[in-house]
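J.: As they're listed, the protein sequences go chains A and B.
Each residue of the first sequence is one higher than the one before, starting from 1 at the first, in UniProt numbering.
Each residue of the second sequence is one higher than the one before, starting from 1 at the first, in UniProt numbering.
Source of the hints: derived by calculation from the structure; they are not laboratory data.
Treat the hints loosely; a few may be bogus.
What the hints assert, rightly or not - Subject to a maximum C-alpha distance of 16 Å in a straight line, what follows is the list of computed EDC-like cross-link-like pairs (lysine to aspartate or glutamate):
#1 Lys146(B) with Asp159(B)
#2 Lys106(B) with Asp45(B)
#3 Lys200(A) with Glu125(B)
#4 Lys106(B) with Glu79(B)
#5 Lys203(A) with Glu125(B)
#6 Lys210(A) with Glu188(A)
#7 Lys146(B) with Asp182(B)
#8 Lys97(B) with Glu197(A)
#9 Lys8(B) with Glu33(B)
Computed from a predicted model, the values in this text were never measured in an experiment.
Each chain, written out:
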Amino acid sequence: MLTNIPQLPLAHWIDAFVDWLVQFTGFFNAVTNFIGSINSAFQWVFDLLPIWLFILIVVALTFYVNRHEQNWTLLVFELLGLILIWNLDYWRDMTQTLSLVLTSSLIALVIGIPLGILMAKSNIAEIILKPILDFMQTMPAFVYLIPAVALFGIGMVPGIVASVIFAMPPTVRMTNMGIREVPDELIEAADSFGSTEWQKLFKVELPLAKTSLMAGVNQSMMLSLSMVVIASMIGAMGLGTKVYFAVGRNDAGNGFAAGLAIVILAIILDRLTQSLTRSRKQG
Amino acid sequence: MAVKVEVKNLTKIFGRRVNKAKELIQEGKSKAEILKEAGATVGVDQANFKINDGEIFVIMGLSGSGKSTLIRMINRLIEPTDGEVLIDGENLMEMDKNHLREVRRKKMSMVFQNFGLLPNRTVLENADYGLEIQGVDKTTREEKAKTALEQVGITGYDDEYPAQLSGGMQQRVGLARALANDPQILLMDEAFSALDPLNRTDMQDQLLDLQEKMHKTIIFISHDLNEALKLGDRIMIMRDGEVVQTGKPEDILTHPANEYVENFIENVDRSKVLTAGNVMIRPVTINIDKAGPRLTIKRMRNNEVSTAYVIDNSRHLVGIVDANDVISLIRNNSSDLRSVVKSDVPTTQEDKPISELMDDISQTGIPIAVTNDKKQLLGIIVRGAVLGALAGNEVKDVD
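One chain only, chain A, in its complex shape (with noise of 0.2 Å):
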């Protein structure tokens, strides 16, 4: 019975749509160089730093956001663990995929937390964007690539791309709940002093977000970094590419180095983003 129904065409519909995308190639060719250069940029710096100085930039950042309790063994992890990562030789595969992170995180954090102020303000907008938040991290991160690639081209710029649309979620998600969260007395308060919304939203609603805002930061970071190995499937380069080269070559020795390497940086980001969280709250 379901055979005599046609079969929707879909794909067809969807190609034609990024066909149709594809004719404003001067728009994307402009986001393309302008996520390249913030990336480039990144790049930059990292390449300027002797490896030396920046193993203790990151360990003195680290002593620095956790001053009010002395973590040792986070230091001890960081220093042993950059080491081995410039010992293994990935010190410039790391530096690419931290770029690209970054680069990624910054523009998630940069469309993510309007995003997710509007949502908190609107309920129209909340019901509008939570399925589309939804559908934008659960499609498999793999099927961004392929739009991603025809429009920004081959290399970091459509990796960043699709990272970005896959881990913006949480920071939009984050920032919608720390502001709805915060007590209604407290945004009584401020209207009743005679707050503008600006005055609300900075002195108020934000700053008691923040914990939760910054959590959200720190998960899209984390889905971020878990997009690099897919990011080099269309020429994002870094350590994602060691892996996918590994891939390729069934060389688990090297898959594995590369994945270790993958996991020192995560959890030193993962650290970092926590405890700037907690150290702010302390005020």
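With chain A fixed as given, assemble chain B onto it according to the hints.
T.: Here is chain B on its own, set in the frame of chain A:
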């Protein structure tokens, strides 16, 4: 007295079919019927009252009586469905956003039940929040905030965070934040309800002390009748969104408008509300400038008393005389009534709460004389009248 805040027909209906609910109110349907027919809840039903400049006006009611909704309509934190709020004659309902914000900034401040302090700001930063959003420069606003903190008795905690302070201290910061703006009207929503009893009493006393200096118009929400009676110059009792009775504390105690108020005031500690003036009765008096011993004893016999209060021509209290002393005076053929007058009579003032007189009443055998500041005799307090008043009976005069 000038009217500061006037509320006319203020109504709030929560729900979707507001217009239908409005019609039903006009038809005089009850809250339950409106909920059933229109699916709307009547929060406040056509409240009407005036608040005078410089008075503490307590709005009293149990939870769900609409008192919190009502106070939030006075600064439009909740948008009324119908009615008017006039502040100094200006209709709040007709104001645009900017005008309303200006009124909230300059004219009224609110104190919240759970303090409503910003946890990410220090005590000082909380206290100057109202000034900060007005764009007052840092030095001025910190100075004002510090003065306000001093007024409420918090010094040396400027850089602490609210979470580090006890509940009582936090509410003092809340009060300081409201005072820092120097508003004319203070809206206090169950401001002391979250505090423990000792702290609550403390804060009540402090508010009364402050009010003596500041003379603000204070609208105070409470569900605690004892608190209402202690603080309120006038009290308004609400039930199910309707105003049940408005009046002075003694009026409400002595003349409850209906059974609901009667039940409400049943358990109140009257000794703290009723004053000497409320329970005093008119004594048998002898004017020493006119009467001699024989007239005295005659009056005492007629009134069936064994002691009488002696006054002079201008009603100044001279003392008391005992019937036995007067009789022996007559036997000795003396007419000098003054020689038997005992002048050590316990006295008190009219506005003394009974609770403070309990010791004297129980210790002395003779009734306490109530005098005004010119030492003129106004009345006396007898034990029976006190007990009767505490039990909720009206005090009946002897005459």
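J.: With the threshold set at 16 Å, check whether the alpha-carbon distance from Lys106(B) to Glu79(B) stays at or below it.
T.: This hinted pair is violated, its Cα atoms lying about 20 Å apart.
J.: Run the distance test for Lys146(B) versus Asp182(B): straight-line Cα separation, threshold 16 Å.
T.: holds (13 Å)
J.: Take a quick look at whether Lys97(B) and Glu197(A) sit within 16 Å of each other, Cα to Cα.
T.: holds (11 Å)
J.: So if I understand the rule, the pair passes when the alpha-carbon distance is 16 Å or less; does Lys8(B) with Glu33(B) pass?
T.: violated (24 Å)
J.: Within 16 Å, alpha carbon to alpha carbon, are Lys210(A) and Glu188(A)?
T.: violated (19 Å)
J.: Between the alpha carbons of Lys106(B) and Asp45(B), is the straight-line distance 16 Å or under?
T.: violated (29 Å)
J.: Would the pair Lys200(A) and Glu125(B) pass a check requiring their Cα atoms to be no farther apart than 16 Å?
T.: Judged against 16 Å, a Cα distance of about 15 Å means the pair holds.
J.: Would you mind confirming whether the straight-line C-alpha gap from Lys146(B) to Asp159(B) stays at or under 16 Å?
T.: holds (11 Å)
J.: For a C-alpha distance cap of 16 Å, please report whether Lys203(A) and Glu125(B) respect it.
T.: holds (11 Å)
The structure does not agree with the numbered hints 2, 4, 6 and 9 stated previously, though it agrees with the rest.
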